[in-house]
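So the sequence lines, in the order shown, correspond to chains A, B and C. Per the numbering used here: the first sequence = residues 591 to 896. Per the numbering used here: the second sequence = residues 1286 to 1544. Per the numbering used here: the third sequence = residues 2 to 403.
Possibly wrong hints are sitting among the right ones.
[Stated by the list, open to error] Have a look at the derived ranges for each label pair, beta carbon to beta carbon:
id, chain 1, residue 1, chain 2, residue 2, range
1, B, Pro1428, C, Leu18, 28 to 36 angstroms
2, C, Arg380, A, Ala874, 52 to 60 angstroms
3, C, Asp44, B, Met1443, 53 to 61 angstroms
4, C, Asn319, B, Gly1302, 36 to 44 angstroms
5, A, Val653, C, Lys215, 56 to 64 angstroms
[Claimed, not checked] According to the in silico footprint, chain C covers these stretches of chain A (three or more CB under 8 angstroms from chain C):
id, stretch
6, 684-690
7, 699-713
These are computed hints drawn from the structure, not numbers from a lab. For glycine and all other residues, C-beta sits at the position ideal for the given N, C-alpha and C.
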Amino acid sequence: MDLGILAQQVFNGVMLGVIYAMIAVGFSLFFGVLDVIKFSHGDVVTVGAFSSLGAVGIAGGLVALPPLLALGAGIAAAVAIGGLVGSLIGRFLILPLRQAPAVNLLLATLMAGTVLREAIRLGVPNGGNPKPFPALLPAGSIRIGSFSVGYDSIIILCAGLALVLATHLLISRSRMGLAIRAVAQDGEVARLAGVDFQRVVLGTFALGSALAAFAGCMLGLYYREINFNMGVLLGVIGFASAVVGGLGSLLGPIIGGFLFAGVQTLVVVVLPFSSAYKDVIAFAAVIVLIGLFPTGLIAERQSERV
Amino acid sequence: MTANLLSCTGLTMRFGGLVALDRLDFTLGRGETVGLVGPNGSGKTTFFNVVTGLYRPSAGTVRLGELDLFAKSPQTIGQAGIVRTFQRSRLMLDQSAFDNIMVGRLSSLDLSLATNIFRRRRLSVELEASIREVRALAHRFNPVIADRLFQPAGSFTMIDRRRIEICRALMARPRVLLLDEPSAGMTHDETRQLMGDLLAFRSELPELAVVLVEHEMDVIRRVSDRCIVLNFGRKIFEGSFEALMADRDVQTAYLGEDA
Amino acid sequence: MSSFPTSAPSLSFMMRLQRFPRAVAAITVLVLLGGGALLIHSDSQVKVLGMLAAFLLVFALADRSAAGREIAAICGDYSRFSNALAMIAAVAIAIIFSGEHYTLLMLSTVALFATACIGLNIQLAFAGIVNFAGAAFFVIGSYTAGVLTSFPGLPTIAILAIGGLVTGALGLVLLLPVLRTRGHYAALVTMAFGLLLRTFLEVNDTLGGPQGMKIKGFSIFGIDFSRTNSIGPWDVSFYFPYAILSIVLFALAFTFASRLESSWIGVALDAVRSDETAASVFGLSIVRWKAVAFLLGNAIIGVAGAVYGMMNGFVTPNGAGLGESLLLLSIVVLGGLGNMWGAIVAAGIIIVLPEKLQAIQEYRLLIFAMLVLCILLFRPLGILPRPIRDFSRISDGREEGL
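Working from the sequences, and respecting the hints, build out all of it.
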């Protein structure tokens, strides 16, 4: 295979890996603090994407903004609205249903995701069709042989990696991160030690959701197109990555995300005629991995007292 | 005492670097009641979990009579005749008291699809017999349970729920019964009633060997034949209750060095 | 008596109710089923909304009034009678509408989906296994029927049986690795499987690709259901025999699941679901019982899927997606976890209403999702909560149970 095309595929894979990792980290965080799987998370990506599109459109309509400022507005809108939606769902849906049987919560968050998706489809003019996303990053590209990559792609990739790193630093070094880790380890004890349980939980939801919303922005900038359905598959992939990598840890979902993207890329590169099967093989790999490592590659803590 | 029923030698349980049970030797004879005491975290519940197969021991031996039960599954051990109650109540609160009690007997019943779906009349006969047996058993503990046998377990008082748990354990026709802090959370009065229950079924089932974990020393004093004290997973005392109360090591363990 | 009314007029009304229990049960069943049939048959949206309001009123009254609870208790006490009557009434309704394609199609679809939901109930309500691939297994049943019906000479009943077996076995292969782990792993594996299956079927052409495959109709004793236009001198819709078949299938699944629930196996499943630690200490194998429940549930789903495929004449990969599986799970939760009648009621609501209320077509998914959310937040036990198992009723030889 042509080296240039190979490099292109690999770059694509790395980009996807970062996106999956950002979404998977959210799943892992939510599970860590509350033992819940929040299935609306994938659709928060969509919320982020559309929020930034809307903000850019509104801002651009009111005043002629240089593209970078418009981008800033878009990102700010995505992160803010995404984080808000995430914590609202946490406050009004997940916290009240914590004690209910697991399937109720799973179903509830899935339905919440559907509400978000449908709201976008119905609320956005012509929402049922894919919407173009403006090019807001500097144009131009680097060429290495037959491999060319745009500056914008590089910027997006770096931004994603930076954010994942920043999240890791936040969790491991900051006071907020300490509180999150305390609650993740033992909510009861953390409460007794003076941690404001609800604030930490909702803060975690906001953080994870903001990350996912940012990923939505990234997707819009990279693929130049968004649609209301984009979060569905991403949510499942993000969940799968988090589970395979290890729920409750921070490194696990990152590994899982890159693993999933890696399998997809491998299929596309090695079996170019069956690239349509990339999702099939990736999910089959997930099933096999879960079979081999039922508690994830970085094992989930067993917290039940006998 | 007759030949030992349950015997453990050098039983060790390690969780990573933490040694929860440290080369524990434990024997239990037919018909004996042994009181197992010790400060919190001394390994009493860990011992129960290891013996019933919920934890896989790191080293040592566990034998029930001639049977080797080391590292066997909880199902195997349960069917061999070692049964327990739990520190926190593990009942199906939405299901009836009868259903809960029958859980103890289920593994010896005919659980085939054929009987349960198609041979309903035979099932009905089995049901009647079981209802009679459970009613009689429950009645001995508290007639209220027998009267309200088909009410959800969650609708009973806490001490009655404990009794339901004990009935469930007895339905398994155990040879060894492990009781994990049965009086936890009870008032003085309720604890006295519980003691009466224990003494009553001790006398009805003379062959049954019991290990009783308790913090209430009064219960230990009245019910047990012999006492064992654990501290940091190690046995620090074995003997009569009176000797236990006088023992210096025990006092130090509970009250600290300056006792 | 479930409650003691305090005013004299109500007292005598209650006593009159109890004097004629079978009549009370019969009237209740006929009213409910008749209302359901009218709902399915109405073609104006105003009528549909009116029927819906009437139903809501009836359910609210049943819940809150002493008379309502008493009537419900009577139906429960005479469940064998009520269930048999309901089945006869359903068949009668099918006969009444025997010429109407659309009504019968709706009826059959509701019955078949409710049957699949009985399978899901066994997995979820009894054994606590979360299955996010219900629709995938339903579609597997259809595809199996499609493949097998192309072999001439294979009796259709055998096709149904094999469909059930294949679906059950496949499910087991999928689930076995995660049986020892916590619920969300089963959720993930089943979700991944559903996606995997759908994508595979769409991409691969062996089973027809995205267009799907054709399925021959159900035939027995040489009568091909899909070509039946008349029975004797009467003209009937070809959906008519399928409607009868669907009702019969639902009744069989209902009986099976009810007997399973009120048996020792039912207690074992509940024990395994409630507390694996306690169940294993008392000798119950967690893996075995979860596997049994998953197998039985999937087999029922597969058979329902096979009949559905035969009725429609084709199957496409579209029906295997996550959204469809969520639909089935929502029916289960809405109707009441573990309540078989709830499955029919919820299936009726979720399948029929969106078809009838054309004005809200665009919003139906949104409304549906919000409805499920409301149920989960405010009435998590569902419309018809699962009644507590009371073994004393079976052994008494009363007209209880099946």
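Here is how each hint holds up against the structure:
1. B:Pro1428 - C:Leu18: 28 to 36 angstroms: Cβ of B:Pro1428 to Cβ of C:Leu18: about 33 angstroms, so the range 28 to 36 angstroms holds.
2. C:Arg380 - A:Ala874: 52 to 60 angstroms: Distance hint for C:Arg380, A:Ala874 is violated at roughly 39 angstroms.
3. C:Asp44 - B:Met1443: 53 to 61 angstroms: 58 angstroms Cβ-Cβ, so the 53 to 61 angstroms window holds.
4. C:Asn319 - B:Gly1302: 36 to 44 angstroms: For B:Gly1302 against C:Asn319, whose Cβ atoms are near 55 angstroms apart, the range 36 to 44 angstroms is violated.
5. A:Val653 - C:Lys215: 56 to 64 angstroms: holds (60 angstroms)
6. 684-690: It holds, with 3 qualifying residues against the three required.
7. 699-713: holds (count 8)
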